[in-house]
Amino acid sequence: MIPFDYQRADHAEGAVAAVGDRSGATFLGGGTNLVDHLKLGITEPELLIDITRLPFDAIDPLPDGGVRIGATVRNSDLAAEAIIRQRYPVLSQALLSGASGQLRNLATTGGNLLQRTRCPYFQDVTTPCNKREPGSGCSALNGYTRNHAILGASEHCVATHPSDMAVALAALDATVQVTGPNGQRGIPVTDLHRLPGDEPHRDTVLEHGELITSVDLPELPRSTRSRYRKVRDRASYAFALVSVAAVLEIEGDTVREARIALGGVAHKPWRASTAEQALRGAPTTEESFRSAAEAEIAQAQPLADNEFKLPMARNTLTATLRDLAGKESR
Amino acid sequence: MDTRIDLRVDGEQRSLTVDTRTTLLDALRERLGVTSPKKGCDHGQCGSCTVLLDGRRATTCLALAVAHTGSEITTAAGLSDGDDLHPVARAFLDHDGLQCGYCTPGQICSAVGMLDEAKAGWPSLVTEHAEDSAALDESELDDEEIRERMSGNLCRCGAYTNIVTAIREASNGGNR
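Heads up: the sequence lines are chains A and B, in that order.
Here the working numbering is used: position 122 in the first sequence is 122, and no number is missing along the way.
Every number in the working numbering is 1000 more than the matching position in the second sequence, counting from 1.
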């Protein structure tokens, strides 16, 4: 680990200026991913701007009926918040699916969104990786690909995005509010993360110095029901092989609206728009759920070791929809 | 880059100068001689470095010491009052919830923090997927809840069965 300076930010403008002015500067949140990367030599910042004491630690109702989640809210606090559990259970479930109690007490909303892939080749600095070192090649392509992407990957990178929370936020149509050297802007969570293309080292559309200040959830109709379902190698404390965040509005025996995102399958939370389209107006039957899931996964391109993710994604999506159809609202 | 920090560790005020790269775990163990939290994986995966950080359980290997100046830290050693063991530590002894003992301080801190979380009504994935996820009664933590909530602490001896028993007893009112 190379030596670095540390400063604690006491206001957002100062934090943005401090990072924006220096290419080797970065924000420090809970540190559960960044400090690991410092130890592994994946990143070598010369300055850390600690933003955990900024006044972004509240969860507030918005005038339009939505909810604003401050960027420094801890994952554990967010998962336990009554308004989240009652109105956005998919988000609480996704948070509780991630990491462990100790890590959720440290991890923040903004940091969770910006955590980086757990691709073992990205984490091993002795191997080539286009995400870690642009142009060096992809070791995963000819390596062990069991945990890698089946959707949206490129010849330059097949890594998956690790966040559970981000998958739920993608299905909820959440918006990320950021402030940066060029002012403030809102970015739909579905647009925050990038597919790898030929620039896999760029995880998100954020510019250097842009700071996430909050994540805003839209109000959901009262008839909405939602669920997060995660499949992994052990019962708890593991990253997703496949996960599903589903938000459904059901009227009688018909799906009125469906918003679905998949985790563990792509370089970003994968919004399952093909399945959503197939579900709108469809009957709440096993057949229509299965055929929507099949339509989505028909686009998948498995790698040598992860063909199992295709039926796993199809079945997990189908089962999640079936669960929701049999449930009360919310 | 050296920085002066203050920590309150097991009730004692400590001041020290650390390089910004120092983790909270290394500051405790290597600089202050507080060896109750253990260094296991050093990457946040095993839980053996768990302490109560400002009252909440947290892994210290991924926390930079400099970012936690002013914090109050309670280690497993600090939970007990001399020879008078904390009820969770006593339950671990009574039920043989330790074999080599290396992960035990982290398990105990994690269990104490976890029981407080449950008492405050915090859900786990088990609660949140239950048919009736109404208010959770801390005294009713079943084995499935205990296992889920303690999943951030790994024990390579596999003493889990007795750890679960110890925590179940501690959650039902401690020393019995």
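FYI, nobody ran anything at the bench for these hints, they're computed from the structure.
Heads up, some of the hints might be wrong.
30 Å max Cα-Cα, derived DSSO-like pairs, lysine-lysine [claimed, not checked]:
1. B/K1119 to B/K1039
2. B/K1119 to A/K327
3. B/K1038 to A/K39
So, going through the hints one by one against the coordinates:
1. B/K1119 to B/K1039: holds, 29 Å
2. B/K1119 to A/K327: holds, 28 Å
3. B/K1038 to A/K39: Since the Cα atoms of B/K1038 and A/K39 sit roughly 18 Å apart, the hinted pair holds (cutoff 30 Å).
The structure fails none of the hints (numbered hints given earlier).
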